[in-house]
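Please build the complete structure, drawing on both the sequences and the hints.
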Amino acid sequence: MTSVVQPVPEVAAWDLPSRLRAGVVGLIVAEAALFAVFLVAYLFYIGKSLSGPYPREVLEAPIFISICLWASSGTVWLATRALHSGHMSRAGVWLLVTVALGGVFLGGTAMEWRRLIVGHGLTIGSNLFGTSFYSLVGLHAFHVTVGLAVLTLLLVFAWTGWLRPTHREHVEMVSWYWHFVDVVWVLVFSVVYLVGR
Amino acid sequence: MDTIADTLHRPEGATQERLPLLAWLHEWVVTVDHKRLGIMYICTGLAFLLIAGVEASLIRFQLVVPESTLLSPQVFNRLFTMHGTTMIFFVAVPIVFGFANYLVPLMIGARDLAFPRLNAFGFWLTLFGGVLLYFSYLAGDGLSGAGSAPDVGWFAYAPLTGRAFSRGNSTDYWNLALLVSGTGTIATSVNLVATTFSMRCRGMTLGRMPLLVWMMLVVAGMTLVALPPLSAAQIMLLLDRFLGAHFFNSQAGGSAVLWQHFFWVFGHPEVYILMIPGFAFASEIIPVFSRKVIFGYPALVAATVSLGFISVSVWAHHMFAVGMGRTPNAFFAASTMLVAVPTGVKLFNWLGTIYGGRIRFATPMLFCTAFLFQFLCAGLTGIMLAAVPFDWQLHDSYFVVAHFHFMLVGAIVFNIFAALYYWFPKATGRMLSETLGRWNFWLLVVGFNLTFVTLHFAGILGMPRRIYTYPADRGWELVNLVATLGVPLQAAAVLLFLINVVISLRRGKPAGDDPWDAWTLEWTTTSPPPPYNFETPPEVRSRRPLWDLKHPDDPDWVHE
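Respectively, the protein sequence lines represent chains V and Z. Residue numbers 1 to 197, in my numbering, belong to the letters of the first sequence in order. Residue numbers 1001 to 1560, in my numbering, belong to the letters of the second sequence in order.
Hints may be right or wrong, so weigh each one.
Ranges of calculated distance between the beta carbons of each label pair, as one might list FRET restraints [unchecked claim]:
no.	chain 1	residue 1	chain 2	residue 2	range
1	Z	Y1532	V	I46	53 to 59 angstroms
2	V	F44	Z	A1164	20 to 26 angstroms
3	V	G103	Z	P1531	53 to 59 angstroms
4	V	D15	Z	Q1251	36 to 42 angstroms
5	V	T123	Z	L1050	44 to 50 angstroms
6	Z	W1442	V	I46	55 to 61 angstroms
7	V	S18	Z	Y1532	19 to 25 angstroms
8	Z	I1383	V	R81	51 to 57 angstroms
9	V	I63	Z	L1025	54 to 60 angstroms
10	V	F64	Z	I1383	52 to 58 angstroms
11	Z	L1498	V	G103	53 to 59 angstroms
Hints were generated in silico from the structure; no laboratory data involved. Backbone N, C-alpha and C fix where the C-beta goes; we use that ideal spot for every residue, glycine too.
Shown next as structure tokens:
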């Protein structure tokens, strides 16, 4: 071993990913695993109900509200873009549109459930179709509700002027969650209304 | 060696004055400091270890003689359910996540986790999940007046959990306690992933991270994928039990086997979620006490990551006896045997590190050495059980019990003890007594092997799991007697550890910053570290930053 002190190299400055992004990606991975199991359960129980009502008889694809939900992904993107360029009032308007579209989706789901429960007598305890349908669609609707609550909060902040361009990363994270909820609906829609009928 | 570390990161005025009891308690309750939360996680785990240990002892004493009447079958069912559930979810999980909490920020040169408040949230959920589980002893009979603590086994197979077979609320306590604590564990995993990716100090590239950080990253990632399936299945069970859904109700066409799949999709990765932190401790401790750099760092990282991937494709080897058919059996047998490859790689990494080293057998190294042997045995019986016909013969026998206790105790608990002895000086500023440590080690190693080597034979002799007693003519008396003789030795080992902690906290040798002459960043700061960990954020140029500071003439970055 020599006693010569080795020259200490400079450590280069670097950029690490933001912790918010890393955290939200982690959350989305966990949520995806949760939904995967409910989707598998739904697929597994297709055609296994011992008694009616069967999906073919009672389900109608909720195309209008689905388009509303998917469109809200676009409007929340427009809101974050407006925030990026500092247009606060425009961001508020797009947030309002997003919340409205999400609200239409939830309202549509409520009406669908009412029709199924009151009109066709299909409850979670009726058969395996009811069990897997209400739990999967309900889990998704629950996530929509949580997303709507957060978006409404952002909307209030935008109106009161508490939302500033510096918050754009936070708003973007909310939009990531919202996009995730919309992507899940693509899968749920395909499994329940296309494959499952 | 202290002086080198001293000149760099010793903060001024790190001493703390004594607070009155209530203020002190309040400080701990409201804390968001990763070190305090880590310590609370570990203490929670140790407290539940005592409870679950008492349950295990009662189980063994019930079985020491044939036709014993010490415990009723109902109480016995509750005991093995609570023992398993507690040991997995409220002993092993809190302890390994506690260590991750404490060590990951220190090792990557950060001041805290990415989301300190989320971290506190995760801890309190875990603790209250455990409290909820044990509250069932008081309230489990519910409105219908039937039941006490959960008695459906730690995996709560359907249809035992159906309303018809589990009246009262005992199963609901099992369900909700794990749902609550699972949410906390997922939150902490999100936190650990974000911390590892976003909070590393300058120069701490992924390729320079300490192996413990790498392995905890894999563990956190696996938790994110593996734990939500359990939560999902438990939500389904809640719907079954409270809203009359039929997921696992075979009378309405539901499938009890589906629950098994969902449970083990979680359950098997969970084994590795607990095992990999054990590997992590060994990978930090063995090099320091062999005075050698870890052998094959990239291979060890690659083996850990591949183990993470393999672990999510082996779950149904718990279900060979269900009758899944030839193709699934062949697939899961093959994937299970594949596990032997990365774990074998790891064993050779550690052996290669020890080989030619100047080994110091301090207490942490003793535990790690025993771990190497016991882990090998556990792995070998694992490969035996992966062979489907062999598994059919011995499934649900004590052979399986012995196999997984070799893994969970012989490998994980031994490494947890190694880690407790190794990092106790960092967390408290005082050394644990080596004399008591040696007693602790030898009592545990003898007691553990007495109990669990013997139980392999009980299994081969045909003794089934979960029986509360057995007739005298089966030839199981001797093995059960010997297995139970190991219990007092293990209990004494754990008690000695607690005594050691109490004594050393008051009168232990002051540790200094770096008592083991180690190389990772946590040893550059004071013991215990100040709330902000490092006065100036460290900069890292190699995998062993503290070695570089101590040996400016021969730093690692020249060789890496």
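Comparing the hints with the structure gives:
1. Z:Y1532 with V:I46: 53 to 59 angstroms: 56 angstroms, holds
2. V:F44 with Z:A1164: 20 to 26 angstroms: Holds, at about 22 angstroms.
3. V:G103 with Z:P1531: 53 to 59 angstroms: Taking Cβ atoms as reference, G103 (chain V) and P1531 (chain Z) lie about 45 angstroms apart, which means the hint is violated.
4. V:D15 with Z:Q1251: 36 to 42 angstroms: 59 angstroms, violated
5. V:T123 with Z:L1050: 44 to 50 angstroms: Holds, since T123 (chain V) and L1050 (chain Z) (Cβ atoms, about 46 angstroms apart) stay within the stated range.
6. Z:W1442 with V:I46: 55 to 61 angstroms: Between W1442 (chain Z) and I46 (chain V), where Cβ atoms are some 59 angstroms apart, the hint holds.
7. V:S18 with Z:Y1532: 19 to 25 angstroms: 21 angstroms, holds
8. Z:I1383 with V:R81: 51 to 57 angstroms: Holds - the Cβ-Cβ distance for I1383 (chain Z) and R81 (chain V), about 56 angstroms, lies within 51 to 57 angstroms.
9. V:I63 with Z:L1025: 54 to 60 angstroms: Given about 58 angstroms between the Cβ atoms, the range holds.
10. V:F64 with Z:I1383: 52 to 58 angstroms: 57 angstroms, holds
11. Z:L1498 with V:G103: 53 to 59 angstroms: 57 angstroms, holds
Going through the hint list in order, the structure does not satisfy hints 3, 4.
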